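Enquirer: Sequence:
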Amino acid sequence: MQNGSARIPVREKVGYALGDIATNFFFQSMILYQTVFYTDTVGLSAVAVGTMFLVLRLGDAILDPVIGALADRTQTRWGKFRPWILGTAVPFTPTSPTRW
41 MQNGSARIPV REKVGYALGD IATNFFFQSM ILYQTVFYTD TVGLSAVAVG
91 TMFLVLRLGD AILDPVIGAL ADRTQTRWGK FRPWILGTAV PFTPTSPTRW
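For the sequence shown, the residue numbers in this note's numbering are 41 to 140.
Quick caveat, the hints were computed from the structure, so don't treat them as lab data.
The reader is advised that the hints may include incorrect statements.
Simulated DEER-style distance windows between Cβ atoms [stated by the list, open to error]: (1) 92 x 65: 20 to 30 Å; (2) 88 x 117: 25 to 35 Å; (3) 49 x 83: 43 to 53 Å.
In this text the structure is predicted, and so the values were computed from the model without any measurement.
Glycine is no exception: its CB is placed at the ideal position from the N, C-alpha and C atoms.
Kindly produce the complete structure, drawing on both the sequences and the hints.
Expert: Here it is, written out as structure tokens:
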């Protein structure tokens with residue numbers, strides 16, 4: 041792989057695709073559950089839930105490449121992505137100790 045034009049074997053492509061399919065099955069089942077939760081428990085209309093999902097997906101389609109380009113241009117002594125991963129973990133940090 042001197043010039044970056046080496047071909048990826050079909051077996052490796054299929055392996056990655058199978059992992060992505062498994063992830064998508066899980067993700068889609070969560071979306072179905074969220075739809076039922078929003079319509080039956082929260083009381084939103086199906087149109088409102090569908091619109092919410094559409095707006096979120098469109099925002100995600102715009103924001104993902106922007107964030108990816110920003111992360112690719114980041115150069116720190118800790119690497120490209122570690123500062124972003126640690127920075128985005130801050131909002132999810134518990135503010136008080138929890139017991140398991």
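Enquirer: Now look at each hint and say whether the structure bears it out.
Expert: Evaluation of the provided hints:
For residue 92 paired with residue 65, a C-beta distance near 22 Å keeps the hint of 20 to 30 Å intact. At about 47 Å, the beta-carbon gap between residue 88 and residue 117 misses the expected band of 25 to 35 Å. A hinted range of 43 to 53 Å for the beta carbons of residue 49 and residue 83 is consistent with their spacing of about 51 Å.
Checked against the numbered hints given earlier, the structure breaks only hint 2 and satisfies all the rest.
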